[in-house]
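Participant: Listed below, chain by chain, are the residues.
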Amino acid sequence: MIVYIVRRLMQAALVMVVMSILVFVGIYLIGDPVLMMISPDASELEREAVRRALHLDLPMWRQYLLFVNDALHGNFGRSFLAGQPAMGLIFERFPATLELAFASLVMSLAIGLPMGVYAGLRPSTPGSKAIMTGSILGFSLPNFWVGLMLIMVFAVMLPDLIPGWPRLPASGRGATVDVLGVPLSFLTLDGLRHLLLPAITLSLYKGALIVRLARATAREVLPMDYVKFARAKGLSERRIVGVHVLKNIMIPIATVSGLEFGQTVAFAVVTETVFSWPGVGKLLIDSILLLDRPVVVAYLVIIVFFFVVLNLVVDLLYSVLDPRVRLESRAT
Amino acid sequence: MSATLSVRNLRTHFFTKEGVAKAVDGVDFDVAPGEILGLVGESGSGKTVTGFSILGLIDPPGRIVEGSSIRFNGEELTAASPERLRAIRGAAIAMIFQDPMMTLNPVLRVDTQMIETVQAHVKVSAAEARDRARKALVQVGIPSPDERLRAYPHQFSGGMRQRVAIAIALLHKPKLIVADEPTTALDVTIQGQILFEAQRLCRESGTAMIWVTHDLAVVAGLADRIAVMYAGRIVELGRTADVIERPMHPYTKGLIGSVPSQNTRGHRLAQIPGMTPSLLRLPAGCAFKARCPIAVDKCNEMPALEEHRPGHWARCWRAAA
Amino acid sequence: MTDAALEPAPLEPVVAAAPQTPLRRIVSDFCENRLAVFGLVLVVLSIFVAAFAPLISPQNPFDIANLDLLDAKSPPGTVSGDGRITYWLGTDGQARDMMSAIFYGMRISLFVGFVSVLAALAIGVVVGLVAAYAGGRTDAFLMRFVDIMLSFPAILVALILLSVLGKGIDKVLIALILVQWAYFARAARGAALVERNKEYVEAATCLALPPWRIVFRHMLPNCMPSLIVIATITLARAIALEATLSFLGVGVPVTQPSLGMLISNGFEFLLSGSYWISFFPGVALAIAIVGINLAGDHLRDVLNPRNLR
Numbered sequence: 001m002i003v004y005i006v007r008r009l010m011q012a013a014l015v016m017v018v019m020s021i022l023v024f025v026g027i028y029l030i031g032d033p034v035l036m037m038i039s040p041d042a043s044e045l046e047r048e049a050v051r052r053a054l055h056l057d058l059p060m061w062r063q064y065l066l067f068v069n070d071a072l073h074g075n076f077g078r079s080f081l082a083g084q085p086a087m088g089l090i091f092e093r094f095p096a097t098l099e100l101a102f103a104s105l106v107m108s109l110a111i112g113l114p115m116g117v118y119a120g121l122r123p124s125t126p127g128s129k130a131i132m133t134g135s136i137l138g139f140s141l142p143n144f145w146v147g148l149m150l151i152m153v154f155a156v157m158l159p160d161l162i163p164g165w166p167r168l169p170a171s172g173r174g175a176t177v178d179v180l181g182v183p184l185s186f187l188t189l190d191g192l193r194h195l196l197l198p199a200i201t202l203s204l205y206k207g208a209l210i211v212r213l214a215r216a217t218a219r220e221v222l223p224m225d226y227v228k229f230a231r232a233k234g235l236s237e238r239r240i241v242g243v244h245v246l247k248n249i250m251i252p253i254a255t256v257s258g259l260e261f262g263q264t265v266a267f268a269v270v271t272e273t274v275f276s277w278p279g280v281g282k283l284l285i286d287s288i289l290l291l292d293r294p295v296v297v298a299y300l301v302i303i304v305f306f307f308v309v310l311n312l313v314v315d316l317l318y319s320v321l322d323p324r325v326r327l328e329s330r331a332t
Numbered sequence: 333m334s335a336t337l338s339v340r341n342l343r344t345h346f347f348t349k350e351g352v353a354k355a356v357d358g359v360d361f362d363v364a365p366g367e368i369l370g371l372v373g374e375s376g377s378g379k380t381v382t383g384f385s386i387l388g389l390i391d392p393p394g395r396i397v398e399g400s401s402i403r404f405n406g407e408e409l410t411a412a413s414p415e416r417l418r419a420i421r422g423a424a425i426a427m428i429f430q431d432p433m434m435t436l437n438p439v440l441r442v443d444t445q446m447i448e449t450v451q452a453h454v455k456v457s458a459a460e461a462r463d464r465a466r467k468a469l470v471q472v473g474i475p476s477p478d479e480r481l482r483a484y485p486h487q488f489s490g491g492m493r494q495r496v497a498i499a500i501a502l503l504h505k506p507k508l509i510v511a512d513e514p515t516t517a518l519d520v521t522i523q524g525q526i527l528f529e530a531q532r533l534c535r536e537s538g539t540a541m542i543w544v545t546h547d548l549a550v551v552a553g554l555a556d557r558i559a560v561m562y563a564g565r566i567v568e569l570g571r572t573a574d575v576i577e578r579p580m581h582p583y584t585k586g587l588i589g590s591v592p593s594q595n596t597r598g599h600r601l602a603q604i605p606g607m608t609p610s611l612l613r614l615p616a617g618c619a620f621k622a623r624c625p626i627a628v629d630k631c632n633e634m635p636a637l638e639e640h641r642p643g644h645w646a647r648c649w650r651a652a653a
Numbered sequence: 654m655t656d657a658a659l660e661p662a663p664l665e666p667v668v669a670a671a672p673q674t675p676l677r678r679i680v681s682d683f684c685e686n687r688l689a690v691f692g693l694v695l696v697v698l699s700i701f702v703a704a705f706a707p708l709i710s711p712q713n714p715f716d717i718a719n720l721d722l723l724d725a726k727s728p729p730g731t732v733s734g735d736g737r738i739t740y741w742l743g744t745d746g747q748a749r750d751m752m753s754a755i756f757y758g759m760r761i762s763l764f765v766g767f768v769s770v771l772a773a774l775a776i777g778v779v780v781g782l783v784a785a786y787a788g789g790r791t792d793a794f795l796m797r798f799v800d801i802m803l804s805f806p807a808i809l810v811a812l813i814l815l816s817v818l819g820k821g822i823d824k825v826l827i828a829l830i831l832v833q834w835a836y837f838a839r840a841a842r843g844a845a846l847v848e849r850n851k852e853y854v855e856a857a858t859c860l861a862l863p864p865w866r867i868v869f870r871h872m873l874p875n876c877m878p879s880l881i882v883i884a885t886i887t888l889a890r891a892i893a894l895e896a897t898l899s900f901l902g903v904g905v906p907v908t909q910p911s912l913g914m915l916i917s918n919g920f921e922f923l924l925s926g927s928y929w930i931s932f933f934p935g936v937a938l939a940i941a942i943v944g945i946n947l948a949g950d951h952l953r954d955v956l957n958p959r960n961l962r
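Residue numbers (the working numbering), protein chains in the order written: chain R, 1 to 332; chain U, 333 to 653; chain H, 654 to 962.
So that you can see chain R by itself, here it is in the shape it has in the complex (with noise of 0.2 angstroms):
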């Protein structure tokens, strides 16, 4: 188990390696950041002198070892336009994003279990076929278009053509409460009611596809003899969906979340934009619109090493929940 633990986070490395020497090159090709940072009127000479400071003069692979350098010291570069550590700045942002995504999973389990578990048990009631086909439309509906219009009912039409119909906010986090110094918008009422709408966008596409992975599990696992055999042993309907059918819906359910919480993170890019949400995503697009090089290495750093994680705990995970997985893996 160690072994495989040690031998995956070495992949994991070299993954990184791999990616950071892309994404350096890459971003090194494109544009000057300092001609959008000073003034069009500076002189040659500040211009020299800013080029100087950034080892920006130096060859690009001078270039990318110094970053290894600093990298491995934890020091990913000042933010060409904020000044800040752009490490700070990507720990500062990242609460925002893992809340929304949070929120987002919770709320797909919440909707996205029951629908496909009940689809699965009566899959020919109009009812389970319109929860299909509202799957369908769920991860059909481009994602950012679905947070437009959410704006557009929730926080524009309805309250303006209904008297007294609340109003809800478009953007931004709300008034936030600070535990063990992370900022949480759930906690109060304003940053739920803030939380709603980019919540709901992004848990739209998980969700419809927690629907139908649940109820395709669902319909392979009721036919198993198991399930005969519990009705034979007497078991209560309540018993056997619950514990028999649901204990086998949850290893794939849970796998998917795992992994799905990764791609949850990274669309929150989009979702972001939409909602102005202060999250990572939101200032990787204006770090990338704007040429802001160190954030955007910085952060792909963190990405890769949060989905190298992600997808390690994913496996554990996986083995813990289903115990025929667990003996092979200590037999290895």
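It cannot be assumed that every hint is accurate.
Chain R stretches covered by chain U per the calculated footprint, using a threshold of three residues with CB under 8 angstroms from any CB of chain U [as the list claims (entries may be wrong)]:
(1) 82–92
(2) 232–239
Far from chain R, by Cβ distances over 12 angstroms, these chain H residues were calculated [to be verified]:
(3) 674
(4) 726
(5) 730
(6) 848
(7) 882
(8) 941
Heads up, incomplete: computed chain H residues facing chain R, CB under 10 angstroms, no partners named [to be verified]:
(9) 813
(10) 902
(11) 917
I should point out that these hints are in silico values taken from the structure, not numbers from a laboratory. No experiment lies behind these values; they were computed from the predicted model shown. Beta carbons: idealized from backbone N, C-alpha and C, even for Gly.
Position chains U and H relative to chain R; hints supplied.
Facilitator: What follows is chains U and H alone, placed relative to chain R:
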């Protein structure tokens, strides 16, 4: 002595898009306390559906048709409420399935699956339920039961799993056990052990048993009486010795002829030509006539199940022949 | 098998009413599902609009001479200042007729979707089949690469690629192809591995046919059903992804507005109540994607090898 189970005119039909499949179509038999009835037939003969019908475990599109009667200890099961059926299942009537690899839920520990069975029928503490489970495992000959209880099904061999399934069936000392080919998926040596075990348990506790199988050789040494099914109907019913030694129905004769034995060594094994007819398109009259070597014109009418010798019934116009 | 009664062996082989080709069976199975047919109608409608945009649009939205800034942000149903056309879906901030802009936008969105998926399909199939046929280290290396590609969200990879490449339809195409080929590679390899062990491939090998011939003439056709299904799903995703990238400002240039770009343009007017600038392009986008997914979802059931007898 009144029968533990008394099945009369049992008809279980499947209402599919292609038509009505009469999987079981007018089956009658009794099982006495402590008796083992072998229910023999090939795939599609309706033997498994008969077993499931007794427990009320027929899933749509199948259902037990109006006019069927299943009396268990004097209680009419076809009229029982779903809740009453649930209370009977696993307690008074238990079932053992064919494939032990598939009957235990792979993601739940053995103790979970045994304790829930105890607690589904009697209000006892988890500790007491666990103790019952432990005793049941000892009863079916599983060594170090405490350790085994904490294991997952995949950590057992096939034979061990079937013993666990039998232990689950025995938890509530049922009056009737329906065993659906419980030894088919096992090695021959294990098969023998399980058969012996089953026979002993029935004799000791007076439990009635219906042993569903396609293998005449298996029930020959086990059952007190044998019922042979073909295309949803019983075609021959009698004491094991009578049916094996003096079969009356040509289908039973064919089955016996196709069992290899010492007497047939060196000879070509007999086989029954043709295949089971589709249950959706059963011919009028005797379903076996197309494959029957002695069929006559009369066979276009359905023969009744008649007692041609004392306690030995057959559904054939030429049973006496 | 506990319930053998459900699959009785027929006494005589069931003779089909008419000789049925696999294609005819697929078509008739497909048409059984009304929702899927509805999806197909949506797809055909989208393609029609895209193909004939110049002919059916009331206005050429790219011709600045046509635009009258006085008509900017007119709500749906407004008649233009000169009385020549009615803006059924309103106009945007530059007085472009939204309906015409949507027709032209659909053209760009579908073009990007189809071209990127076809190119990704071609690359992925070659990689997948090579991996399956070669096996061993080549296979392990290629699939490891594919796994790593697939473990990162497409949106992030595309975003980073485009931030390096810059704007433009060609750049978007490159990014989309690069994030999509891996799906096809994995699917093609999976399907080919199943086929590889079948007898006809062994027979072809015994005949000493050249490897490329075995791979492309024999193994590829048998992988097609699963590849077609994945292609429809990927097509829907590609169109959505392009729209998303354009919305984020790293996709198509302003001069060639796809549907995503149109939605993005309307974003700033949304809060002031000019909903139609974002709403209608989004509806058009949704029609195309939902249509593809509805049809594709049922196509998967119809093409399922388990149903192919």
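Participant: Indicate, hint by hint, whether the structure satisfies it.
Facilitator: Consistency of the hints with the structure:
1. 82–92: Three-residue rule not met by the segment 82–92 of chain R, so violated; n is 0.
2. 232–239: Since 6 is at least three, the answer is holds.
3. 674: Non-interface label stands for residue 674(H): nearest chain R Cβ at 29 angstroms, farther than 12 angstroms.
4. 726: The claim stands: residue 726(H) keeps its Cβ more than 12 angstroms from every Cβ of chain R (closest is about 15 angstroms).
5. 730: The assertion about residue 730(H) holds, with a minimum of 18 angstroms to chain R.
6. 848: holds, 25 angstroms
7. 882: At about 14 angstroms from chain R, residue 882(H) clears the 12 angstroms cut-off, so the statement holds.
8. 941: Incorrect as stated: the minimum Cβ-Cβ distance to chain R is 9 angstroms, not above 12 angstroms.
9. 813: Constraint on residue 813(H) satisfied, holds at 7 angstroms.
10. 902: holds, 6 angstroms
11. 917: holds, 8 angstroms
Checked against the numbered hints above, the structure violates hints 1 and 8; every other hint is satisfied.
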